[in-house]
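Chains S, C and B are the protein sequences, given in the same order. Per numbering that gives the first Met the number 0, the first sequence starts with residue 0, numbered consecutively. Per numbering that gives the first Met the number 0, the second sequence starts with residue 0, numbered consecutively. Per numbering that gives the first Met the number 0, the third sequence starts with residue 0, numbered consecutively.
Derived by calculation from the structure, the hints in this document are not laboratory data. Just so it is clear, CB atoms sit at the ideal spot from N, CA and C, and this is done for glycine as well. Among the clues, some could well be false.
Straight line, CA to CA, 35 Å or less: simulated DSBU-like cross-link-like pairs of lysine-lysine [to be verified]: (1) S/553 to S/579; (2) S/81 to B/125; (3) S/292 to B/125; (4) B/125 to B/212; (5) S/5 to S/232; (6) S/5 to S/234.
Far from chain S, some chain C residues (derived; all Cβ distances over 12 Å) [to be verified]: (7) 0; (8) 11; (9) 12; (10) 13; (11) 108; (12) 137; (13) 145.
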Amino acid sequence: MARLIKTEKEVEGRYSEQWVVVEEDALEQWPEGPLRTVGRPATRVDGLARARGEARYTQDIQLPGMLHAAVLRSPHARARVKQIDLTTASELAGVRGAVGPGELDVLTDEPNYEGEAVAAVVADTADHARAALEEISIEWEVLEPLLDVDQALARESFLSDPKLYERGDIERGFAEADVVVEAEYRTQSVLHNALETHQTICEWEGETVNVYTSTQWLWGVRDEVAAAFDLPKDKVRVICRFMGGGFGAKGSAGDYTMIAAELARRTGRPVHCRLDRREENVNSGNRNPTIQKLRLGARSDGILTALSADYVCLLGWDGWLPPTAGPVQMLYACDNVRTVEYGVRLNSPPMDAFRAPGFVEGTFGLECALDELAAKLDLDPLELRRRNHADHDPLDERPFSGKQLMECYRRAEPHWERRHEVHARADGPWKHGVGIATQLWYGGGGPPSYAWVRLAGDGTATVLTAMQDIGTGTRTAMAQIAAEELGLPVERVTVELGDTAHGPYAVVSGGSSTTPSMGPAVRAAAGDVARQIREIAAQRFDVEERVLSLAEGKVINADGGSWLLEEITGLLEDGQILGKGARGPNPAGMRVMTYGIQVAEVAVDVETGEVVVERIYAVHDIGRVINPLGAESQIEGGIIQAIGHSLSEQRLLDPRSGKVLTRTLDAYKLPTIADVPEIVSELVDVPDAHLTNLGSKGLGEPPIVPTAAAIANAIRDATGADVRSLPITREEMLGALHEADERRRVPERVGAAPA
Amino acid sequence: MVVELTINGNAYELEAPVGRTLAEVLRLDLGLTGTKIACGEGHCGACTVQLDGVPVLSCITLVHTVGDREVTTIEGLREHPLVEAFVEADATQCGFCTPGQIVTASALLAANASPSDDEIRHAMAGNLCRCGTYPKIERAIHTVAGDGGGS
Amino acid sequence: MELLRPDSAEAAAAALGNGSVALAGGTELVPLLRDGIVRAEKLVELRDVVPRGVDGTRIGAGTTLAELEVDPDIPQALREACSLAASPQLRSMSTLGGNLLQATRCWYWRLNFPCYLHGGDTCHAKAGQHREHAIFGNERCASAHPSDPAAALLALGARLRTTSREFSLVDLYRLPTDEERNVTALEPGEVILELDVPRPEASVYLKAMERRKWSFAIVGVAAARFADSIRLGLAGVAPIPWALSSVDDLEQATPLLGTAYKVQIARALVRRAVEAVSAPAGA
Numbered sequence: 000m001a002r003l004i005k006t007e008k009e010v011e012g013r014y015s016e017q018w019v020v021v022e023e024d025a026l027e028q029w030p031e032g033p034l035r036t037v038g039r040p041a042t043r044v045d046g047l048a049r050a051r052g053e054a055r056y057t058q059d060i061q062l063p064g065m066l067h068a069a070v071l072r073s074p075h076a077r078a079r080v081k082q083i084d085l086t087t088a089s090e091l092a093g094v095r096g097a098v099g100p101g102e103l104d105v106l107t108d109e110p111n112y113e114g115e116a117v118a119a120v121v122a123d124t125a126d127h128a129r130a131a132l133e134e135i136s137i138e139w140e141v142l143e144p145l146l147d148v149d150q151a152l153a154r155e156s157f158l159s160d161p162k163l164y165e166r167g168d169i170e171r172g173f174a175e176a177d178v179v180v181e182a183e184y185r186t187q188s189v190l191h192n193a194l195e196t197h198q199t200i201c202e203w204e205g206e207t208v209n210v211y212t213s214t215q216w217l218w219g220v221r222d223e224v225a226a227a228f229d230l231p232k233d234k235v236r237v238i239c240r241f242m243g244g245g246f247g248a249k250g251s252a253g254d255y256t257m258i259a260a261e262l263a264r265r266t267g268r269p270v271h272c273r274l275d276r277r278e279e280n281v282n283s284g285n286r287n288p289t290i291q292k293l294r295l296g297a298r299s300d301g302i303l304t305a306l307s308a309d310y311v312c313l314l315g316w317d318g319w320l321p322p323t324a325g326p327v328q329m330l331y332a333c334d335n336v337r338t339v340e341y342g343v344r345l346n347s348p349p350m351d352a353f354r355a356p357g358f359v360e361g362t363f364g365l366e367c368a369l370d371e372l373a374a375k376l377d378l379d380p381l382e383l384r385r386r387n388h389a390d391h392d393p394l395d396e397r398p399f400s401g402k403q404l405m406e407c408y409r410r411a412e413p414h415w416e417r418r419h420e421v422h423a424r425a426d427g428p429w430k431h432g433v434g435i436a437t438q439l440w441y442g443g444g445g446p447p448s449y450a451w452v453r454l455a456g457d458g459t460a461t462v463l464t465a466m467q468d469i470g471t472g473t474r475t476a477m478a479q480i481a482a483e484e485l486g487l488p489v490e491r492v493t494v495e496l497g498d499t500a501h502g503p504y505a506v507v508s509g510g511s512s513t514t515p516s517m518g519p520a521v522r523a524a525a526g527d528v529a530r531q532i533r534e535i536a537a538q539r540f541d542v543e544e545r546v547l548s549l550a551e552g553k554v555i556n557a558d559g560g561s562w563l564l565e566e567i568t569g570l571l572e573d574g575q576i577l578g579k580g581a582r583g584p585n586p587a588g589m590r591v592m593t594y595g596i597q598v599a600e601v602a603v604d605v606e607t608g609e610v611v612v613e614r615i616y617a618v619h620d621i622g623r624v625i626n627p628l629g630a631e632s633q634i635e636g637g638i639i640q641a642i643g644h645s646l647s648e649q650r651l652l653d654p655r656s657g658k659v660l661t662r663t664l665d666a667y668k669l670p671t672i673a674d675v676p677e678i679v680s681e682l683v684d685v686p687d688a689h690l691t692n693l694g695s696k697g698l699g700e701p702p703i704v705p706t707a708a709a710i711a712n713a714i715r716d717a718t719g720a721d722v723r724s725l726p727i728t729r730e731e732m733l734g735a736l737h738e739a740d741e742r743r744r745v746p747e748r749v750g751a752a753p754a
Numbered sequence: 000m001v002v003e004l005t006i007n008g009n010a011y012e013l014e015a016p017v018g019r020t021l022a023e024v025l026r027l028d029l030g031l032t033g034t035k036i037a038c039g040e041g042h043c044g045a046c047t048v049q050l051d052g053v054p055v056l057s058c059i060t061l062v063h064t065v066g067d068r069e070v071t072t073i074e075g076l077r078e079h080p081l082v083e084a085f086v087e088a089d090a091t092q093c094g095f096c097t098p099g100q101i102v103t104a105s106a107l108l109a110a111n112a113s114p115s116d117d118e119i120r121h122a123m124a125g126n127l128c129r130c131g132t133y134p135k136i137e138r139a140i141h142t143v144a145g146d147g148g149g150s
Numbered sequence: 000m001e002l003l004r005p006d007s008a009e010a011a012a013a014a015l016g017n018g019s020v021a022l023a024g025g026t027e028l029v030p031l032l033r034d035g036i037v038r039a040e041k042l043v044e045l046r047d048v049v050p051r052g053v054d055g056t057r058i059g060a061g062t063t064l065a066e067l068e069v070d071p072d073i074p075q076a077l078r079e080a081c082s083l084a085a086s087p088q089l090r091s092m093s094t095l096g097g098n099l100l101q102a103t104r105c106w107y108w109r110l111n112f113p114c115y116l117h118g119g120d121t122c123h124a125k126a127g128q129h130r131e132h133a134i135f136g137n138e139r140c141a142s143a144h145p146s147d148p149a150a151a152l153l154a155l156g157a158r159l160r161t162t163s164r165e166f167s168l169v170d171l172y173r174l175p176t177d178e179e180r181n182v183t184a185l186e187p188g189e190v191i192l193e194l195d196v197p198r199p200e201a202s203v204y205l206k207a208m209e210r211r212k213w214s215f216a217i218v219g220v221a222a223a224r225f226a227d228s229i230r231l232g233l234a235g236v237a238p239i240p241w242a243l244s245s246v247d248d249l250e251q252a253t254p255l256l257g258t259a260y261k262v263q264i265a266r267a268l269v270r271r272a273v274e275a276v277s278a279p280a281g282a
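Looking at chain S on its own, in the form it has when it is part of the complex (with noise of 0.2 Å):
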């Protein structure tokens, strides 16, 4: 019997209520501990095809008579087109067609940032198409861009009102402290630089469009494609059975998508629709730059009283404000916390989600704020963060669903007391020392995804849904949870996914929801399966249900015996056994978080500022783990992306034009083989006794979170100099190193003893 409940369900740090339908018979988790499949490595089950380059990405898709379409974007960061004439271009040989401002949304002639799409044009080749936009005849006016932030400030040019948080009396709060420390930190605006560029495919057949694209939300993509030409959703059909990364950026669609399927319609031909390298870094979102200024109070014991924060965040022209308070507001018990978050409007290219957006940037201020305060207090750092342990979450007083972070402490200790060892290593200018972070994220997860299992005469199972794998590895998960409930190895599970006609409705690949929303719905579907060869098996051989056990690809039989599943599913014949689930709701009045520590070892040359990371080790609690093996590469890879933007990345802007000077993958400094670090990393894995059928959360963002911090921190307890900038570069490292030998001059000057 179908029942409607309302749950409450978060994405991205935005909390909403939704609707869902529940069914009744919902599976009891596994035990705790590695399983025949689930929690044992799993390679990929797609790693042939990518690792033999037989995957077919967007890019790769060739359509008979595809045409090429290249897009004029707006050279200016502000700018009104005067003057537009296509019809030079579109009489060109080789175009096909071409679309100007007011004959499709994405398309202005008052564009306000750099990259703003203009017009495009559509050939029989990507370089006729790029030819052809030398000769749009345009005029500009070009107006003067709003680029400076405390400008910005002044003229109160936001996106949205100013997001205010207060709990307890914060004025008290700093008049209890002992000691208060007070900070400004800054982050770089970081480009997401998956190495498959955005773009579309679309193909008109009759009503229906058909939209290849790189994605990480077919279903999100449809609904828009679906407004954007007026058409009932089930006549957009989305497809992307492999996409070359997204990391957040590729949340929804984009003027590329609606490009192409406005030329597709009218040339009646597929048009592809793609962003250069050069595109991609000045128009296709970025992790917002933010001006932080953190003030914490503490008592001697290092309770602490006060968290005051003040987040000036540069969104540019459009976009959202990332949660950045949230780790001040939610990773330490404090009663007296208040932050402000500004989003500010510029003239620059808009933000978008990048891996645990604003938890990145907020979770660096807070951490490197929260070491400052123990290096007054006298205090280990450590211990620190353990004192101010949150048992409920500080929000609201809810209860955890689940929460290991003490026994994540309690695992990082041993690596925290390599600090004695590694400062030995100092060795002429090199300087050794050692960091720790903690993180919080979300990754719960939560309704609607649906999944369907189909399972064949010959007793293989084939799990049906249009969701996404970005390269997390949820194909693979997804097998090895249905193979789990259906008694089945790996080998025996199919996973088709990436197409809204072959499957039912699917959450984002954002948010680390995946695995938490989709594998839920996958085991429900595989246990409708299940149940249903029990009771036909029962019937068969005429014993009782309860008795009945799937594994090892048999049917088992408590009280002795077995059969093969082949024998119950050959007696369909072309028959076939179907199954389908849902994701159920949240755990009602419960917080649902992730949680972690990691440890951070750099040795840093105190004359030329070179910092390298030596070590980072990382531990996190995500629930159940289902695959130890992509685990394992998930942490890896957010741990080498949070390098990049501690170290290397930064997105540049010409502070006159606004325009974007780091395009290229030489200019933008992305981290090599050669600037990864030794990594150990290892998950609690207990499963999160309140969430779902199996009690797992999302991996996806917790490991990119606080690794900027404990780097910052690792270079202060080598150096005793504050980064408070990101990214620590050489220049950045030797002014700190100043300010740090100024600091220490500053008692000679006075006259006082030398210390």
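Place chains C and B on chain S using the hints.
Chains C and B only, in chain S's frame:
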């Protein structure tokens, strides 16, 4: 202008204007889409193929300069032990950089059967991976080298 | 566009000019052609006609950086400079001659801003974003020359032989002026054939980078000791490879606000390079 190429042991002859890159010929003219283009200007290594066994960037190699050098793409390395090693080591995430990684790594192993960690990092530094599979790539290379671990 | 394959270096030189440009490894030229920064009607392929390989102190301009990075017979500074340059694939493709002639990585230049070096009258970097830019020779143009081998060859006192003349490497480069914006002094129909690189007592190349590999020099310092004198060549600090004779010369640096940190790095690397090549005490 006609160009003759030997790719993965097969002979090809086709028309290509001067200025067409090897990557464009492979992907667009010959349908060999295993070789990826991520930056198109020689900065990321995704487009790496071998010319006479030497890893080069096909996105900035003019097809008419290839001459009689043998082109090896990921399609020609289907059975190379690195392919299975990458799968076993979980060295693919989104997989977009993987073909270029395997092409470069196979050349490394051909020249140096048992590379150290430093030698691996030196040889692979031109193949960027945004998903951060680097530690697993090192593991895969060591597995094929048969030394079971780094130095 | 046409591709010409002359059968001799002299024929190649004669074919250059008037919309014809030289193509060696292509790692610089091909991207610049595709960006429209260089326009050419004809490409003149040099690969088969320019000397390649090492013979005593002579190095063919067509030798690739990958070949040089593993050659035990060339001076250490040159070997190290080649090893630290670019990425492995780029080193396999690019020639020594082409590397010496490469343009700056300055983003304003590379994105085709109408800057001083492109013939305009503004250096956009000076008032703009210049963290990668020059600390010397930056009165008109603040760009930094990225070539690591050039810095090493400068310290080594290398000489060039082209299709028309022989001269010291130092004369290959000049700071841009209002009359002549080109920082390299090759004549239009001139092709570099080989370099003559003296053997020092000791040499070394140290490079500060933004990441551990595949990164243009923040500061690159080559030091070479001949008899009792040490010569220094620097990359990443001026619009052309920059010679210094001692760490004291850094007092003459003219950093911009955003490049002042490079002076400190240069100081440390120069000291270390000098120490690395200095004669052992008592020798």
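Checked hints:
With a C-alpha separation of about 21 Å, the suggested pair residue 553 of chain S and residue 579 of chain S falls inside the 35 Å cut-off, and the hint holds. Taken as a hint, the residue 81 of chain S and residue 125 of chain B pair is honoured in the structure, with Cα atoms around 32 Å apart against an allowance of 35 Å. The suggested pairing of residue 292 of chain S with residue 125 of chain B holds, with an alpha-carbon distance near 30 Å, which does not exceed 35 Å. Distance check on the hinted pair: residue 125 of chain B and residue 212 of chain B sit about 27 Å apart at the alpha-carbon level, within 35 Å; holds.
Proximity of residue 5 of chain S to residue 232 of chain S is assessed by CA-CA distance (about 24 Å); at most 35 Å being required, the pair is judged to hold. For a cut-off of 35 Å, the pair hint linking residue 5 of chain S to residue 234 of chain S stands: about 29 Å separates their Cα positions. Here residue 0 of chain C stays apart from chain S, with its beta-carbon at least about 16 Å from theirs, past the 12 Å limit. A cut-off of 12 Å between C-beta atoms confirms that residue 11 of chain C is not in contact with chain S; the least separation is 18 Å.
Once the 12 Å rule is applied to beta carbons, residue 12 of chain C is consistent with being away from chain S; the minimum gap is 21 Å. With a least CB separation of 15 Å from chain S, residue 13 of chain C remains clear of the 12 Å interface cut-off, as annotated. No beta-carbon of chain S is positioned within 12 Å of the beta-carbon of residue 108 of chain C; the least distance is around 15 Å. The claim that residue 137 of chain C lies off the interface is violated: its Cβ sits roughly 7 Å from the closest Cβ of chain S, which falls inside the 12 Å cut-off.
With a least beta-carbon separation of about 19 Å from chain S, residue 145 of chain C lies farther than 12 Å from that chain, consistent with its non-interface assignment.
Of the numbered hints given earlier, the model fails hint 12 alone.
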